[in-house]
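Please construct the entire structure, taking both the sequences and the accompanying hints into account.
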Amino acid sequence: MKKGTYEDQIRIEELEVYAHHGVYPEENEKGQHFYVNATLYTNTRPAGLADDLSLSTNYGEVCQFITEFMQQHTFQLIETVAERTAYEVLQHFPLVQGLDLEIRKPEAPIPLPFGSVSVAIHREWHEAYIAVGSNMGDSREHIAQALGQLQKNKDIRVEKVSELLETLPYGVVEQDNFVNGMFEIRTLLAPEELLQELHRIEQMEGRERKIHWGPRTLDLDIIFYDDLVYASEDLVIPHIDMENRYFVLKPLSELAPNFRHPITHKTVTQMLSELPVDLTEGNEA
Numbered sequence: 001m002k003k004g005t006y007e008d009q010i011r012i013e014e015l016e017v018y019a020h021h022g023v024y025p026e027e028n029e030k031g032q033h034f035y036v037n038a039t040l041y042t043n044t045r046p047a048g049l050a051d052d053l054s055l056s057t058n059y060g061e062v063c064q065f066i067t068e069f070m071q072q073h074t075f076q077l078i079e080t081v082a083e084r085t086a087y088e089v090l091q092h093f094p095l096v097q098g099l100d101l102e103i104r105k106p107e108a109p110i111p112l113p114f115g116s117v118s119v120a121i122h123r124e125w126h127e128a129y130i131a132v133g134s135n136m137g138d139s140r141e142h143i144a145q146a147l148g149q150l151q152k153n154k155d156i157r158v159e160k161v162s163e164l165l166e167t168l169p170y171g172v173v174e175q176d177n178f179v180n181g182m183f184e185i186r187t188l189l190a191p192e193e194l195l196q197e198l199h200r201i202e203q204m205e206g207r208e209r210k211i212h213w214g215p216r217t218l219d220l221d222i223i224f225y226d227d228l229v230y231a232s233e234d235l236v237i238p239h240i241d242m243e244n245r246y247f248v249l250k251p252l253s254e255l256a257p258n259f260r261h262p263i264t265h266k267t268v269t270q271m272l273s274e275l276p277v278d279l280t281e282g283n284e285a
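According to the working numbering, the sequence shown is numbered sequentially starting from 1.
One thing to keep in mind: the hints can contain errors.
With a straight-line Cα cutoff of 35 Å, these simulated DSBU-like cross-link-like pairs (lysine-lysine) come out [as the list claims (entries may be wrong)]:
| # | residue 1 | residue 2 |
| --- | --- | --- |
| 1 | K154 | K105 |
| 2 | K30 | K105 |
| 3 | K30 | K160 |
| 4 | K152 | K266 |
| 5 | K266 | K154 |
These aren't lab readings, by the way, just hints derived from the structure by calculation.
Below you can see the structure in the form of structure tokens.
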């Protein structure tokens, strides 16, 4: 979820739920009171202007949903209660784009004077752009299979798919031409989790990582993930050198021409227009 996209909030405070969560057997057997605070990030303007509940998220239904979920399941940790409850709310209520959730446990088995203990988390749907490429075997079929796998994952929603284009190889040039494209998705997966899912799909299509920039049955890369700037041992976002890659910028410009690079603040259209001539002419095979 890009910063500032959904600033409106629906707040639920001190929802009381009697449920059976805890590490100790007596907590699971006897149960105890939990209190839930939730902030739902959504766009309330359409409902506010039309005075129409169908255009909003019914907070009464959200309260009932949270209550029933917490009562129908038993977890040892309130961290798990919070994680699973937030996940189910985001899956069940399509207008809720993000969620702050606090689970408070005032009757926790602590042999000391205290008010309550709680776990507070923030979870949301994220916007990401995934570059796809292939130059081994039936490239278009590999890409179609990748799209199908993404569409099957309930933590991923495919919003848009670019046209495919054939391009000359980048880096190691003694190989077949590539078929490239771009997917726009929304996902509940964190960046590293999304990377793992993309690697799983690549492996299903026979991807072997032997030669850097070499031929491959399927290549799936995270180009943007919200406005995130991120680097780890295995992942860099925005994708390294994407601003110099025609086969990335061309399909990306079809889906998100005005998306701004979070570091350079240039739009995709600007980056594409600024590519040197030798990186654009002859790039399409």
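How the hints compare with the structure:
no.	hint	in the structure
1	K154 to K105	30 Å, holds
2	K30 to K105	14 Å, holds
3	K30 to K160	49 Å, violated
4	K152 to K266	33 Å, holds
5	K266 to K154	32 Å, holds
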